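Asks: Chains A, B and C, in that order, are what the protein sequence lines are. Reminder that position 234 of the first sequence reads as 234 in our numbering, one-by-one numbering, no gaps. Reminder that position 230 of the second sequence reads as 230 in our numbering, one-by-one numbering, no gaps. Reminder that position 87 of the third sequence reads as 87 in our numbering, one-by-one numbering, no gaps.
Keep in mind that the hints are not guaranteed to be accurate.
[What the hints assert, rightly or not] Dumping the calculated BS3-like pairs for lysine-lysine here, alpha-carbon to alpha-carbon at most 27 Å: (1) C:29 to C:15; (2) A:222 to C:90; (3) C:90 to C:126; (4) C:126 to C:142; (5) A:7 to A:70; (6) B:261 to B:62; (7) C:15 to C:90; (8) C:142 to A:222; (9) A:127 to C:90; (10) A:127 to A:222; (11) A:172 to A:159; (12) A:172 to B:38; (13) B:38 to B:261; (14) C:29 to A:222; (15) A:127 to C:142; (16) B:261 to A:159; (17) A:127 to B:38.
[As the list claims (entries may be wrong)] Far from chain A, by Cβ distances over 10 Å, these chain C residues were calculated: (18) 25; (19) 40; (20) 101; (21) 113; (22) 146; (23) 206; (24) 250.
[Unchecked claim] Simulated coverage check for chain B against chain A, where a stretch passes if three residues somewhere in it have a Cβ under 8 Å from a Cβ of chain A: (25) 239-245; (26) 264-276.
Quick caveat, the hints were computed from the structure, so don't treat them as lab data. Keep in mind the model is a prediction, meaning the values are calculated, not measured. Note that CB positions come from ideal geometry on N, CA and C, so glycine has one too.
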Amino acid sequence: MGRYIVKRILWLIPVVLGVAILIFTIMYFVPGDPAQIILGASATQKEIATLRQTMGLNDPYILQLGRFLKSTFLQLDFGSSYVNHVPVFQALTERFPRTALIAIVCCIFQIVLGIPMGIQAAVHQNKWQDRTLVVLAMVGISIPSFWLAQMMILLFSFKLGWLPAFGITSWKSYIMPCFCSMLMGVANQTRFTRTYMLEQIRSDYVVTARAKGLGEHTIIYKHALSNTLIPLITGIGGDFGAALGGTVIIENVFSIPGIGQYMVNAIGNRDYPVVRGSVVFLSIAFSIIMLLVDLGYAFIDPRIKAQYIAGSRKKAKKEASTNG
Amino acid sequence: MAEPTAAAALDKAELKRSARAAKRRAFREGWHRMCRNKVAVTGLVVIVLLLLIAVFAPYLSKYKYDAIDPLHAHLLPCADHPFGTDGLGRDLLSRVLYGTRYSLAIAFCSQLVGIVLGIFLGALAGFFEGLVSDLIMRFCDIFQAIPATLMAILVSQTLGAGFLSTVLALAVTTAPSTTRIVRALILQIRNQEFIEAGRAINCSNGLLICRHILPNIIPQVIISFTGGLSGKFIESAGLSYLGLGIQPPTPEWGALLTDGKAFLRYFPNLVIVPGVFIMVAALAFNLVGDGLRDALDPKMRD
Amino acid sequence: MESENREAQNLLEVKNLFVEYTSNEEVVKAVNGVSFALRRGETLGLVGETGAGKTTIAKAILRILPDPPARVPGGEIFFDGADLRRLSEKEMRAIRGRRISMIFQDPMTALNPVLTVGRQIAEAVKVHRRCSWAQAEAEGRKSLELVGIPAERFSEYPHQFSGGMKQRVVIAIALACSPDLLIADEPTTALDVTIQAQVLNLIYRLQQQNRMAMILITHDLGIVAETCDKVAVVYAGEIVEYGTLRQIFKTPAHPYTVGLFGAIPSLTGDVGRLHNIDGMPCDPTHLPVGCKFAPRCRFAADACRQKDGVPLRDLGEGHLCACCRAGAAKEGD
């Protein structure tokens, strides 16, 4: 078991490095001269040239990449904003809790709402519960979350005045952003849970369980659900990533001071260290969550667990089991 | 000697004919199954409607989509302008109808490029084991470690706003997952016995790929294509909202949303209408995608 | 006297059972008027080709047919005097696993992969006896030993067992509560030939020990010969021939039964060619009018294609045959 954990953690390193290199490379080709952006429109050619030299912008790609990797990973220096010279890393750590909060609430509701609804749909297949839930889920995955956000602001803030539309004034400020973020995730989760449950309900071991005289409740929640949870849990990691991505846009609609808003403002200002740093930061967060999900998955699925039990016990069992 | 070969040739032709007939029957069966699914058919009808709108857009409303009319700016829906007008007096109905062209085009093109790229890479990874396969899969891992929206934002920013860059930005988010699916399928098919049989009678690699492997991945490819299409409408609108992607004055639905976002409070029609169109298009493609999947994937049958 | 009477009474009586599957506007008539009876301790072999309806009959007895596509439009199933079709679901659950058990064909998928083997056996005990988990587990360990698996393997998962051992676990689960009737649906078909014999012997031994009645579903006549007291030959959802082992094997009357025996290669004697049965099994969505075997039968006459079909005739001493030209097959050979 320990070997699997270590192996999986070690695997994180090349992925994170690869992500950083990929992001750096993509942004390397962004049009515009950073030196010019920093100094502004009134700068002279000479000033720009000097700044380019100081920033090392004339060095070959490999050197710049090396410098980027070194400062990012060894010094936790993600650069500073072109606009206000605040270190990016500092701003990111300040803003991350708000973004993470929305993403985590999303995931929690996916589990708490999506999975039970999917189970109900599967258990009552083709009856009214199933049809209603499937239709609702379909609509849920078809609504653009930021548009829904605007519709909700229209109704709950402008027309009814119940909830604040912009910024963080109280815990109420999080209600609409969380709801809009979680809608697609919950709808997707309902659909996936329904699909997997239907598959499990039709499998042979369920027939065996019925022939044993077990009640429907035990069969669904003890037998079928434990098998369904396995692919669902692997999905939850990916859902967190999608939630992070979705939060970026939602934060903009609600002007929530999280990483999303930080990043999008930077796009408009061509403040590239901010954009780059934000994406690297969020990608690393995502990778860590995926790692935790993978590890959790190994604990739940006994087939994976067994693969990593000490070799000698495995060999002994193998000998015993081949004797029919 | 001539007689046996003539007979053999006849048999071969007969076999080919019956094989093709069987394939046609299978497709027809799938199609019939799909037609029985009323919900999917509704989606299909909506898609056809959207396509018609896209083609005949200029003839469908009396205003041109880019006709500026400052005197009639910011009108709420009325008899003359069923959806109202925007800040420059342009009729929203015409703009939304004309925007159908751009939205459909972006969605289709980006999904197509993404899938084709995915098939190419997935086939490479599936067919050639070893270093090539490993490299491609590691690339996919790294690409997928970046949340899709962020990746689209990154690529879009580098390439700038505009049609082509948006298509590429969105295609890049589809390609990795398609690569995985195609690779898994190909690995599965490769190991099946009919491929062994093909090799045993000395089929060339090219023949194996074209005649045997590719046709078997078509159903899954169709399912992936239609399934991901609906998301493209929403993603491209999202990019426009952030200032990337397609920008005004192009009447793409996402750009229309961007145009209208400042006026949410007093002229909500500018935001409501394009959003509804996006939602309807996404829903239609989702319904059709699900219907196709139910019809083509034997496992889903009851 | 009382116990003798109980012995003489039938444990299981199936009367005129009909089962159909409805899917996509097509109706599959899987079982068409099947009747048979079984006494305590007796073994009945249900023989027939794949798709003949044998498994459907078995699942209909236990009422575990998949409910939306499957329907039971008619028939009675008496078990120990009570009509199983009239029982409530709760009463039925008390019977499943406790008085009637079933083992299935494919051991690889019959067990839940994420629960331990022991847990799955103990579950069968706990749901029927009012006892604690600890007691149920103790019973479970005993069951494992009974089927020849060391009790230490109680906490292992199904994937850690081979096919043959998995089937033993399935048997342990089925017999955990000592049922009166065991339905074994092709229990050895998915196993290696060498393991088949072991598992069959195990089932037979346990049956003798527990005095269980058994319905053995199989398409292998060799297995029937070794274990069954009575045989019912099933074709297209109907019993076409029924009798004691001796009657069926020594004097098969229905052309289909004769065909089945004729298709077995013989170790003694010179056989030039195996006689296979012409034609294909009939399409259950479009059953032929009259005798369902007529399209493939060498001896079919006009009388065979009559609309009302051919009823079972008693050829003497309880040997039933649904053929109006019974005996023609034997002579024609």
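Asks: Would you mind marking each hint as holding or not holding in the structure?
Replies: Now the hints, each set against the structure:
| no. | hint | in the structure |
| --- | --- | --- |
| 1 | C:29 to C:15 | holds, 17 Å |
| 2 | A:222 to C:90 | holds, 19 Å |
| 3 | C:90 to C:126 | holds, 16 Å |
| 4 | C:126 to C:142 | holds, 14 Å |
| 5 | A:7 to A:70 | holds, 24 Å |
| 6 | B:261 to B:62 | holds, 26 Å |
| 7 | C:15 to C:90 | holds, 23 Å |
| 8 | C:142 to A:222 | holds, 24 Å |
| 9 | A:127 to C:90 | holds, 23 Å |
| 10 | A:127 to A:222 | holds, 23 Å |
| 11 | A:172 to A:159 | holds, 17 Å |
| 12 | A:172 to B:38 | violated, 42 Å |
| 13 | B:38 to B:261 | violated, 36 Å |
| 14 | C:29 to A:222 | violated, 34 Å |
| 15 | A:127 to C:142 | violated, 44 Å |
| 16 | B:261 to A:159 | holds, 16 Å |
| 17 | A:127 to B:38 | holds, 16 Å |
| 18 | 25 | holds, 15 Å |
| 19 | 40 | holds, 21 Å |
| 20 | 101 | violated, 7 Å |
| 21 | 113 | violated, 7 Å |
| 22 | 146 | holds, 16 Å |
| 23 | 206 | holds, 17 Å |
| 24 | 250 | holds, 34 Å |
| 25 | 239-245 | holds (count 4) |
| 26 | 264-276 | holds (count 6) |
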